[in-house]
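Listed here are the chains, written in short residue letters.
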Amino acid sequence: MGDLVTGLQIAVDQEACCGSGLCALTAPEVFDQRDEDGVVVALATEPAEADYDAVRAAAAACPASAIHLTE
Amino acid sequence: MTITNDTPNYPFDKPAPLAPPAEWAELRGKCRVARVRMPSGDEVSLISRNDDVRDVLGDGRFVRNLIAPDAARLAAVEDGGFFNRQPPLNVNIAYGEGHRRWRRLLNGSFTMKKMAVWPPRIQQIADELIDDMIAKGSPADLMAEFALPLTIAVICALLGAPTEDKDKFAQWSRIIMTMTRYTQAEEDQANREFTEYVSALVEQKRAHPADDLLSELLQISDTQDGRLSNAELVATGRALLFAGHETTSIMIGKMTAQLVSEREHYEAVIADPDLIPGTVEEVLRMDTNSGVGIPRYVTEDAEVGGCPVSKGSTLLMQVSSANRDESRFPDPDRFDPRRPNGGQHLAFGAGPHYCLGQPLARMELQVALGTMTRKLPNLRLRDGADALTMRTGSLLEGFEDVWVTW
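Residue numbers (my numbering), protein chains in the order written: chain G, 236 to 306; chain Z, 6 to 411.
Keep in mind that the hints are not guaranteed to be accurate.
[Claimed, not checked] Just so you have them, the derived chain G footprint on chain Z, three or more residues with Cβ under 8 angstroms: (1) 115 to 121; (2) 193 to 201; (3) 345 to 354.
[What the hints assert, rightly or not] Now the in silico label distances, taken between C-beta atoms and shown as ranges: (4) Z:Val122 x G:Glu281: 30 to 36 angstroms; (5) G:Leu278 x Z:Arg387: 47 to 53 angstroms; (6) Z:Arg387 x G:Gly242: 54 to 60 angstroms.
Source of the hints: derived by calculation from the structure; they are not laboratory data. For every residue, glycine included, the Cβ atom is placed at its ideal position computed from N, Cα and C.
Full structure from sequences and hints, please.
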């Protein structure tokens with residue numbers, strides 16, 4: 236706490252996730268699916284800047300609104 | 006329910022097979038929750054703004070099954086048809102915790118990684134079908150020669166069902182999705198036969214397991230660890246077999262009609278196959294025949310877009326209209342395969358019930374379009390777009406046949 240957060244932060248809601256996999260398709264560097272139930276896994280909570288556009292697109296594409304971004 | 010003369014009848018008439026009814030834009034503009042009357046005589050509240058549809062589909066107070074006695078009947082059969090029926094075998098995999106458990110189990114078989122093996126298989130089936138169609142000669146009914154056999158072959162291969170029975174699947178699906186066309190007795194019989202067929206198929210898999218999804222699920226069911234009962238397995242087989250071919254095959258027909266009748270979109274794909282995914286998304290977004298809509302039953306008094314909706318009422322999401330909502334898609338009536346957010350349409354729904362089979366459906370549509378543009382660059386509608394015959398009286402919309410020349 237108290238650190239100045241300047242980058243993009245990802246929080247995924249695994250309860251809300253419907254397992255569409257669109258995030259893993261849109262931003263494969265940052266999102267994956269659990270093999271057993273297809274639920275989203277964020278490979279990084281603070282993605283590299285190069286992936287920002289893909290991460291934003293993945294969050295917007297999520298049909299269950301399960302990807303939350305803060306910056 | 007009160008029936009007044011000023012409640013509009015729904016579905017609305019279309020000015021032409023591929024054109025949106027004028028009522029859609031009108032209702033999006035002025036009425037977030039609009040009362041309309043179904044062919045059954047019951048009234049529903051039509052929701053057509055994109056954000057409202059998204060909110061409703063993601064909200065657990067609005068449930069998928071219209072099995073409560075006061076839910077509106079969508080179809081003009083006594084039991085209200087597909088969305089109103091009690092689930093087959095009385096299983097609870099359709100909503101709440103039961104759906105969640107079922108969905109998590111099934112999702113594992115539809116991950117992007119699991120789906121990655123399918124494009125070459127789908128391509129092989131598509132190539133064979135198109136080559137056969139070309140060999141028989143122009144003209145041809147694209148639905149009968151390509152769209153239906155392709156989607157049935159894919160779902161049968163995935164599940165491990167025999168493709169010889171494809172005419173039966175097609176006929177059962179058609180009857181089960183009736184809105185006004187078939188009687189209650191015909192619907193009951195189709196449901197009974199379909200359940201018996203899948204039950205027999207499951208027994209056959211139990212005796213002779215193979216490398217397919219049904220065998221895989223059967224193994225899980227037989228462990229009796231509570232994840233999937235035998236009745237749920239049969240209901241699942243039914244749901245996949247049915248959902249797996251009907252919607253996608255009619256979408257291939259609609260996609261083809263839409264693209265070749267506005268020819269520049271078809272030719273753009275021929276010139277640049279990288280446009281295939283964006284073109285498929287835009288076709289899904291702009292589809293004017295996406296069906297009656299996605300219904301939800303209201304379990305407690307609530308609000309949608311600031312308007313009250315009362316407990317016991319039925320909402321109907323007008324997905325095609327929501328996909329032309331200018332607040333999400335600027336210049337919504339313009340076809341643009343490069344639209345940055347084209348994939349955010351609601352053709353596959355949203356929320357916990359988002360279409361399970363969408364990765365497969367998207368692949369099938371992409372392969373179908375790629376194969377047609379490569380092998381049939383001169384593809385045209387034989388009779389023109391305005392002569393396309395709608396399949397009427399069904400909860401799903403599409404064309405009876407799509408006669409093409411090349």
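- Which of the numbered hints are not met once you compare them with the structure shown? 2
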